[in-house]
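Protein chains: 2
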Amino acid sequence: MRIAVDVMGGDHAPEAVLQGALKAHSELALETTLVGPPDVIRSFFSTGIPANIHIHPASQVISNSDKPAQALREKKDSSLAQTIRLLKEKQVDAAISAGNSGAQLAISLFDLGRLEGISRPAIAATLPTLTGKVILIDAGANTDCKPNNLVEFALMGKIYAKEMLEIDNPRVALISNGHEESKGNELVQQSYPLLREKEKNFIGNLEGRDILSGQADVLVCDGFTGNLILKFAEGLAFSIYDFIKTDIKKHPTHLIGLLLIRGILKSFKQKIDWREHGGAPLLGVDGAVIFAHGASDAYAVASGIRTAYTLHQKNILQKIKEKINGTSKSHQ
Amino acid sequence: MRIAVDVMGGDHAPEAVLQGALKAHSELALETTLVGPPDVIRSFFSTGIPANIHIHPASQVISNSDKPAQALREKKDSSLAQTIRLLKEKQVDAAISAGNSGAQLAISLFDLGRLEGISRPAIAATLPTLTGKVILIDAGANTDCKPNNLVEFALMGKIYAKEMLEIDNPRVALISNGHEESKGNELVQQSYPLLREKEKNFIGNLEGRDILSGQADVLVCDGFTGNLILKFAEGLAFSIYDFIKTDIKKHPTHLIGLLLIRGILKSFKQKIDWREHGGAPLLGVDGAVIFAHGASDAYAVASGIRTAYTLHQKNILQKIKEKINGTSKSHQ
Chain A
78 MRIAVDVMGG
88 DHAPEAVLQG
98 ALKAHSELAL
108 ETTLVGPPDV
118 IRSFFSTGIP
128 ANIHIHPASQ
138 VISNSDKPAQ
148 ALREKKDSSL
158 AQTIRLLKEK
168 QVDAAISAGN
178 SGAQLAISLF
188 DLGRLEGISR
198 PAIAATLPTL
208 TGKVILIDAG
218 ANTDCKPNNL
228 VEFALMGKIY
238 AKEMLEIDNP
248 RVALISNGHE
258 ESKGNELVQQ
268 SYPLLREKEK
278 NFIGNLEGRD
288 ILSGQADVLV
298 CDGFTGNLIL
308 KFAEGLAFSI
318 YDFIKTDIKK
328 HPTHLIGLLL
338 IRGILKSFKQ
348 KIDWREHGGA
358 PLLGVDGAVI
368 FAHGASDAYA
378 VASGIRTAYT
388 LHQKNILQKI
398 KEKINGTSKS
408 HQ
Chain B
78 MRIAVDVMGG
88 DHAPEAVLQG
98 ALKAHSELAL
108 ETTLVGPPDV
118 IRSFFSTGIP
128 ANIHIHPASQ
138 VISNSDKPAQ
148 ALREKKDSSL
158 AQTIRLLKEK
168 QVDAAISAGN
178 SGAQLAISLF
188 DLGRLEGISR
198 PAIAATLPTL
208 TGKVILIDAG
218 ANTDCKPNNL
228 VEFALMGKIY
238 AKEMLEIDNP
248 RVALISNGHE
258 ESKGNELVQQ
268 SYPLLREKEK
278 NFIGNLEGRD
288 ILSGQADVLV
298 CDGFTGNLIL
308 KFAEGLAFSI
318 YDFIKTDIKK
328 HPTHLIGLLL
338 IRGILKSFKQ
348 KIDWREHGGA
358 PLLGVDGAVI
368 FAHGASDAYA
378 VASGIRTAYT
388 LHQKNILQKI
398 KEKINGTSKS
408 HQ
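Residue numbers (our numbering), protein chains in the order written: chain A, 78 to 409; chain B, 78 to 409.
Errors might be hidden in some of the hints.
If several chains are the same, the list does not tell them apart, and a pair holds so long as it fits within one copy or across any two.
Stated by the list, open to error - Cut-off 25 Å, straight-line C-alpha distance, at most; resulting in silico cross-link-like pairs (PhoX-like, lysine-lysine):
id : residue 1 : residue 2
1  : LYS260    : LYS100
2  : LYS223    : LYS260
3  : LYS167    : LYS396
4  : LYS391    : LYS210
5  : LYS167    : LYS398
6  : LYS343    : LYS260
7  : LYS391    : LYS100
8  : LYS100    : LYS153
Source of the hints: derived by calculation from the structure; they are not laboratory data.
Given the sequences, and given the hints that come with them, work out the whole structure.
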């Protein structure tokens, strides 16, 4: 697979991104295009650039404080814009960035366009649960949604879960404030009957305490709610880990206990660690764009590239396209 | 203080509620009215009813599956309706129920009415953080809100935090999907400038990962979002606790580790345990109504009564009334 990597995107760019790209490149059958200032990239490879790694020049950088619309208009030669452009021109099969996610969204929508039948592309994040994984869609692309958007998210999320999590018939649920059909805000209440009609494996509403329960494989919500869930889980899990570690260190007997159970703490941390779960694709645009976490280290970048690889190998975007065409035709 | 307790409300009613009421009664200067079927209540007190505990009869029970509007109309003699009625008629100073929260909300709004100047009463929950506590408002009363509702929530939440958490000048934040003013869904974006204008201690937006960080004392959001946060935190915290405990039990060396660090696990569980943090009042109605968790055991019921007691002792509802009057007058 050919992948374009935005070398300048993310809190730990360019080093972490370059290290992560190199790590993924050494593990997978990749042709990797690193996008950014050539001198920065070259100086990273002191012993020469490996085979099948290319440099695509970009002179500008989009920072996290740049406004998306302005970045789209004014930073045409940014590493992010050039990364997406390579995808648009089909010079690569997938693109990844850990940079300004608002700008990445705006540029992707503008350059790649939406799939026919999809009114709003959405970010599909894989959320670690304590028993497995769940797909959260929309994880942050659309803060305000309409019921038909949520129906589209469910359709795309189901195909994504089926392929990525290898589940035959993913169970789809709406995130709400109670299980009954009458619960929810206006959006959820209006979406419920549509989903019941269109998704044969729609299991109804799930509430906050069910999110990590493993009762559903796809959790559907607006992007404001999805972003909140994703970031809250991240914050809470790490706070708890820190709490246990800090408290343990205070007491000598606890320290012995810590040594005895450090395997557990490690496996616990691994379970809650978003770096393990790769990047999140923007589903519904015409191209494979992966959003990596802004705080990505090399490990997380490599994990995001692995997500892009699987997305490509399993031809998931094509399957989504076909499903949408099938669905819209069956409704004609 | 005189308190009315809905004996039949909650998953573990009536036993847990009666035990909890008795526990609180033995600790605080209370005149307790137990509301429910007299024979049920009497059979609990095998050795006679203690001094200052009264029985108020109610022949019906509102179940969790009862629709709020229907319960309000058709179950006039339910333990919940009678509990709120005692408050309405000023026979008691506060009322508490762990029962159907939708019905409790409907009956409270109908019987007690809103405070002048408050368009939407809201539930103020105390969320345990790993460093202290934070007030979450609205924790579930209003699924869809307008910007002026959020301004009212902030005002009420600030007074509540000041008195309950004993913080001189509580910091108020909006829950959003990013820190910048431009972030948020439509509701949040429209509320931001209003809060900046009206709340001198408004610190802006906080996102999911900041919720437990202790950066704010009052977190303002619509009730759909608040309910999600509350229930998600509860589910996640308990999942993690279970995970650690289960994993520890699998390995003999881990078991020794567990014995050495069980103090930590206990203090951790205590920190995340909603039972420690009492009930949540509905602020903005003309009376002290406490919502206890549906799964309340005796401990949680007693903790909720303690919240009611403090609310009354500190005259918090009166302070909210005065503040609203002051605010609305200063705008005339």
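Hint-by-hint comparison with the structure:
no., hint, verdict
1, LYS260 / LYS100, "neither (47 Å within a copy, 34 Å between copies)"
2, LYS223 / LYS260, "both (17 Å within a copy, 19 Å between copies)"
3, LYS167 / LYS396, "within (18 Å within a copy, 65 Å between copies)"
4, LYS391 / LYS210, "within (18 Å within a copy, 47 Å between copies)"
5, LYS167 / LYS398, "within (17 Å within a copy, 64 Å between copies)"
6, LYS343 / LYS260, "neither (39 Å within a copy, 35 Å between copies)"
7, LYS391 / LYS100, "within (21 Å within a copy, 61 Å between copies)"
8, LYS100 / LYS153, "neither (29 Å within a copy, 68 Å between copies)"
Against the hints set out earlier in the document, violations occur for numbers 1, 6 and 8.
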